[in-house]
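Visitor: The residues making up each chain are set out below.
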Amino acid sequence: MNMSIKVRYFASLKDRIGRSEDILEASEGISVQAIWHRANADKAMPDNTLAAVNMDYVDLDRLVKDGDEVAFFPPVTGG
Amino acid sequence: MNMSIKVRYFASLKDRIGRSEDILEASEGISVQAIWHRANADKAMPDNTLAAVNMDYVDLDRLVKDGDEVAFFPPVTGG
Amino acid sequence: MAIKICPDAFDPWQEIQSYQRASVQAGKFGATSVFIGTMRDFNEGDQVKGMFLEHYPGMTEKQLEKIASKAKAQWPLLEYLLVHRVGAILPNEPIVLVAVWTSHRGDAFDASRYIMEALKSTAPFWKKELLHSDQERWVTKNTDGYAVDQEG
Amino acid sequence: MAIKICPDAFDPWQEIQSYQRASVQAGKFGATSVFIGTMRDFNEGDQVKGMFLEHYPGMTEKQLEKIASKAKAQWPLLEYLLVHRVGAILPNEPIVLVAVWTSHRGDAFDASRYIMEALKSTAPFWKKELLHSDQERWVTKNTDGYAVDQEG
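Chains as they are written, first to last, in our numbering: chain R, 1 to 79; chain E, 1 to 79; chain W, 1 to 152; chain H, 1 to 152.
Misleading hints may appear alongside valid ones.
[Unchecked claim] In silico BS3-like links for lysine-lysine, alpha-carbon gap of 30 angstroms or less:
id	chain 1	residue 1	chain 2	residue 2
1	E	K14	H	K141
2	R	K43	W	K128
3	H	K128	E	K6
4	W	K4	H	K28
5	W	K66	R	K6
6	H	K62	H	K72
7	W	K70	W	K28
8	H	K4	E	K6
9	E	K65	H	K62
10	E	K6	H	K141
11	W	K72	W	K62
12	W	K72	R	K14
13	R	K65	W	K66
14	H	K72	W	K141
15	W	K141	R	K43
16	H	K49	E	K14
17	H	K70	E	K65
18	R	K14	W	K141
19	E	K6	H	K62
20	H	K66	E	K65
21	W	K28	H	K28
22	R	K14	W	K4
23	E	K14	H	K4
24	H	K28	W	K141
25	W	K70	R	K65
26	W	K28	R	K14
27	H	K62	E	K14
28	W	K62	R	K14
29	W	K66	R	K14
30	W	K4	W	K72
31	H	K62	H	K4
32	H	K4	W	K49
33	H	K66	W	K72
34	H	K49	W	K72
35	E	K14	H	K128
36	H	K128	W	K28
[Claimed, not checked] One-sided excerpt, in silico: chain W residues whose CB lies under 7 angstroms from chain R:
id	residue
37	K62
38	V96
39	K127
No wet-lab data here; the hints were simulated from the structure.
Predicted model, so just to flag it, every value in this text is computed and none were measured.
The beta-carbon is built from N, C-alpha and C at its ideal position, and this holds for glycine as well.
Sequences are here, hints too, so could you generate the full structure?
Guide: Set out below in structure tokens:
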């Protein structure tokens, strides 16, 4: 089954790759890590990149479901 | 040489002994502990009594000088 | 219990006073611990004339709620108020406010610090500084870190 | 750097705001940590309708100055404000206010807590509670203690 996944980028990572959002078609069973490579033409993910699925932090091997929102961003610096 | 020593009492200790202040005549070389007994007719000092000389905390064996202000009080409970 | 994301400048003392009057029961709290983070006009040896605070709307609130829930589970908090600024910020403007009300002081100190450290390490905010030279740079790490579980 | 003993009720938020405006250099502080101790209407299971806070005038100021000096020696404090109430106090009235301004948050948290704990264990204040039953009793110990060197 084909899934539609929204991918979002924030802060310096967004500046670096020049996009804030992708909409990807992917097959079931794809991981967050694989989503990155699919969206970024196999470019390496910068060190320290954090990932979230549906606004919760996840590990990169987490599998993604249809309709999920995946986000990649650098270490947070609020407060 | 005879010294004049002011002795002060605070809070529950003041209530307990019924006085806030004594002026004692004493000889040189007297300790804070001995000042207590001189002022209080050898009654035991309540447990946990703190002592100060000239507004600094002292041990009970500290010797007192002419003109010193000695104070006795229970554990502090401010803040 | 309130969490606010502010796109405009806020007065932290006014926020606390209003919140306390409206929501904190008089006579029941013995301790209030407050932390305010304020924008400085220098960082890492450079003069800074402005800052942009980006965040991830939705995730920010979700993570702050998680932090607050964890704090409530760990300490007997009577009330808390959490305010975080986003957008364009000038030096001397407050960035973050954490206030907690408890019966006893140990809990207030512990909980406010926990909330701040957890916020610093898990809430999705990012600072971009505008230097005196007009150069822009992303802040890459927070100072004064204390280890807090990333899984928030 | 200010230490105040207040015989009348004070508004802690007003005290902080006034002090900050008058004495804390804008743009230089990144962290403000505040602790406020407020009178509760209960203690040790009893309803309390008032309190009298006795102190040792002169020694109080001397000990608070010592505590502040020690804090300044240990952490890079830009400013601090320390206010303590004395005399007759009603529930919900503030008893103590400690505020410190620093560049970084770790220092602000550490210093404010140190000052409070040192104050609790060495500043010569004593609380007498007036219970709902009209019975009076001296508070004999502080709750939430943390060991601080008595020699202050």
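Visitor: Compare the structure with each hint and give your call.
Guide: Taking the hints in turn, this is what the structure says about them:
1. E:K14 <-> H:K141: 17 angstroms, holds
2. R:K43 <-> W:K128: 25 angstroms, holds
3. H:K128 <-> E:K6: 25 angstroms, holds
4. W:K4 <-> H:K28: 25 angstroms, holds
5. W:K66 <-> R:K6: Holds. K66 (chain W) to K6 (chain R) sits at ~23 angstroms (cutoff 30 angstroms).
6. H:K62 <-> H:K72: 15 angstroms, holds
7. W:K70 <-> W:K28: 22 angstroms, holds
8. H:K4 <-> E:K6: With a Cα-Cα distance of about 26 angstroms, the restraint between K4 (chain H) and K6 (chain E) holds, given a limit of 30 angstroms.
9. E:K65 <-> H:K62: 20 angstroms, holds
10. E:K6 <-> H:K141: Holds, because 27 angstroms separates the two Cα atoms, which is no more than 30 angstroms.
11. W:K72 <-> W:K62: 15 angstroms, holds
12. W:K72 <-> R:K14: With Cα atoms ~34 angstroms apart, K72 (chain W) and K14 (chain R) exceed 30 angstroms; violated.
13. R:K65 <-> W:K66: 23 angstroms, holds
14. H:K72 <-> W:K141: Measuring from Cα to Cα gives roughly 27 angstroms; hence the hint holds.
15. W:K141 <-> R:K43: 24 angstroms, holds
16. H:K49 <-> E:K14: Roughly 23 angstroms separates the two Cα atoms, so the pair holds.
17. H:K70 <-> E:K65: 27 angstroms, holds
18. R:K14 <-> W:K141: The hint holds at about 17 angstroms.
19. E:K6 <-> H:K62: 18 angstroms, holds
20. H:K66 <-> E:K65: Measuring from Cα to Cα gives roughly 23 angstroms; hence the hint holds.
21. W:K28 <-> H:K28: Judged against 30 angstroms, a Cα distance of about 36 angstroms means the pair is violated.
22. R:K14 <-> W:K4: 25 angstroms, holds
23. E:K14 <-> H:K4: 25 angstroms, holds
24. H:K28 <-> W:K141: Holds. K28 (chain H) to K141 (chain W) sits at ~20 angstroms (cutoff 30 angstroms).
25. W:K70 <-> R:K65: 27 angstroms, holds
26. W:K28 <-> R:K14: 47 angstroms, violated
27. H:K62 <-> E:K14: 21 angstroms, holds
28. W:K62 <-> R:K14: 21 angstroms, holds
29. W:K66 <-> R:K14: The given pair, whose Cα atoms are some 26 angstroms apart, holds under the 30 angstroms limit.
30. W:K4 <-> W:K72: 17 angstroms, holds
31. H:K62 <-> H:K4: 12 angstroms, holds
32. H:K4 <-> W:K49: Status violated; Cα separation ~35 angstroms.
33. H:K66 <-> W:K72: Violated - the C-alpha atoms of K72 (chain W) and K66 (chain H) are around 36 angstroms apart, more than 30 angstroms.
34. H:K49 <-> W:K72: 29 angstroms, holds
35. E:K14 <-> H:K128: Holds - the C-alpha atoms of K128 (chain H) and K14 (chain E) are around 13 angstroms apart, at most 30 angstroms.
36. H:K128 <-> W:K28: 18 angstroms, holds
37. K62: 5 angstroms, holds
38. V96: 5 angstroms, holds
39. K127: Hint holds; K127 (chain W) Cβ to chain R Cβ min 5 angstroms, cut 7 angstroms.
The structure shown violates the earlier hints numbered 12, 21, 26, 32 and 33.
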